[in-house]
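Protein chains in written order, with numbering that gives the first Met the number 0: chain G, 0 to 174; chain U, 0 to 174.
Derived by calculation from the structure, the hints in this document are not laboratory data.
Errors might be hidden in some of the hints.
Claimed, not checked - Below are the BS3-like pairs computed for lysine-lysine, each with C-alpha atoms no more than 30 Å apart in a straight line:
| # | chain 1 | residue 1 | chain 2 | residue 2 |
| --- | --- | --- | --- | --- |
| 1 | G | Lys95 | U | Lys91 |
| 2 | U | Lys95 | G | Lys52 |
| 3 | G | Lys174 | U | Lys74 |
| 4 | U | Lys114 | G | Lys174 |
Claimed, not checked - Reference listing, derived: stretches of chain G covered by chain U, where coverage requires no fewer than 3 residues with Cβ under 8 Å from a Cβ of chain U:
| # | stretch |
| --- | --- |
| 5 | 17 to 24 |
| 6 | 88 to 98 |
| 7 | 102 to 112 |
Yeah, the Cβ is synthetic: ideal placement off N, Cα and C, and Gly gets one too.
There are 2 protein chains.
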Amino acid sequence: MEKGYIQVYTGNGKGKTTAALGLAIRAAASGMHVYIGQFIKGMHYSELDILEKCRYLGDHIKLKQYGKDCFIYNKPTEEDVRMALKGIEDLKSAMKSGVYDVVIADEINIAVYFKLFSEDTLLDLMRSKPDRVELIITGRKATEKIIEQADLVTEMKEIKHYYTKGVQARVGIEK
Amino acid sequence: MEKGYIQVYTGNGKGKTTAALGLAIRAAASGMHVYIGQFIKGMHYSELDILEKCRYLGDHIKLKQYGKDCFIYNKPTEEDVRMALKGIEDLKSAMKSGVYDVVIADEINIAVYFKLFSEDTLLDLMRSKPDRVELIITGRKATEKIIEQADLVTEMKEIKHYYTKGVQARVGIEK
């Protein structure tokens with residue numbers, strides 16, 4: 000890829016991580032290599048399965064998780080902070096490696112929001128992006144400075160949600 | 000799947016079709032079968048490649064295109080209308096077949112906007128959804144009635160876009 004940009008998907012609506020997954024698949028389909036770092040979510044998502052079920056995708060997409068879900072309800076532990084900082088280091092290495100065309104920092108805005116690391120740490124990660132790499136940042140609560148430093152920002156805005164009908168997250172649809 | 004809903008992704012921002020693609024992959028990964036009908040876009044997108052490159056996905060996702068891009072700049076021809084109506088029929092058949100758990104009508108809002116068929120035709124398609132099927136509708140300009148009849152609606156809102164920097168759609172990223 001000639002020139003990469005920084006894309007941000009934020010807002011309280013559905014589709015942020017799903018769009019990032021779609022982007023990863025599309026990039027892989029065209030022969031690119033993709034690194035996905037997932038902050039916060041430590042659950043076993045269906046998207047992990049596909050990388051095992053499909054060798055081509057497994058060869059083109061590397062996915063690593065740097066967090067658990069639990070501290071959203073509790074205070075982050077030292078272990079949560081350590082894992083999140085490992086994620087930052089890995090993403091920097093992935094961007095600099097020359098291997099990956101697209102690097103996805105999934106739910107990283109939430110990691111800032113819950114103070115696993117500072118806004119400056121994320122801004123510094125954005126600044127360290129080499130020219131040819133596309134960096135995708137997702138998660139609610141993108142700060143003004145993050146938006147300022149990005150090239151493309153989409154807000155997923157919830158207009159209507161069936162959670163109000165009592166629907167739980169369903170395997171294969173939401174997770 | 001016990002119970003399926005109707006999801007709408009609309010708005011002028013990026014990520015609508017990409018989120019639908021991500022949703023298709025996630026559903027397929029969990030063993031579901033997905034039918035994708037693409038209205039408007041007749042181009043050769045990278046996402047078509049992956050279904051050929053990855054047998055597992057090819058077995059779980061059926062993708063058909065019912066339109067071209069050109070009439071956005073011209074008046075739709077009789078052929079455009081005929082293809083779009085074929086899309087409606089195929090989506091209805093896919094929903095009723097018992098084969099597909101998730102049915103995606105990609106850019107179908109735009110087909111209504113350009114009067115390839117009426118809003119009522121789309122509302123009728125939505126009403127014909129069997130209980131167990133998840134129906135995903137994408138495209139800018141979702142009408143009030145479409146939103147009213149959906150269970151979940153997300154507006155992708157453009158906050159900032161690098162098109163203003165003169166970036167063209169790039170293979171593997173935007174298409």
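Exercise. Taking only the CA atoms, is the gap from Lys114(U) to Lys174(G) under or equal to 30 Å?
Worked result: violated (36 Å)
Problem set entry | Distance restraint between Lys95(G) and Lys91(U), which requires alpha-carbon spacing of 30 Å or less | violated (48 Å)
Problem set entry | Three-residue Cβ test at 8 Å for the coverage of the stretch 88 to 98 of chain G by chain U | Check failed, 0 qualifying residues.
Exercise. Taking only the CA atoms, is the gap from Lys95(U) to Lys52(G) under or equal to 30 Å?
Worked result: holds (28 Å)
Problem set entry | 30 Å limit on alpha-carbon distance, applied to hinted pair Lys174(G) and Lys74(U) | This hinted pair is violated, its Cα atoms lying about 41 Å apart.
For this session: Confirm or reject the coverage of the stretch 17 to 24 of chain G by chain U under the rule of 3 or more residues with a beta carbon closer than 8 Å to the chain's beta carbons.
Result: Contact hint for the stretch 17 to 24 of chain G vs chain U: holds, 7 residues under 8 Å.
Problem set entry | Within 8 Å of chain U (C-beta), three or more residues of the stretch 102 to 112 of chain G | violated (count 0)
In the structure shown, a violation is registered for the earlier hints numbered 1, 3, 4, 6, 7, in ascending order.
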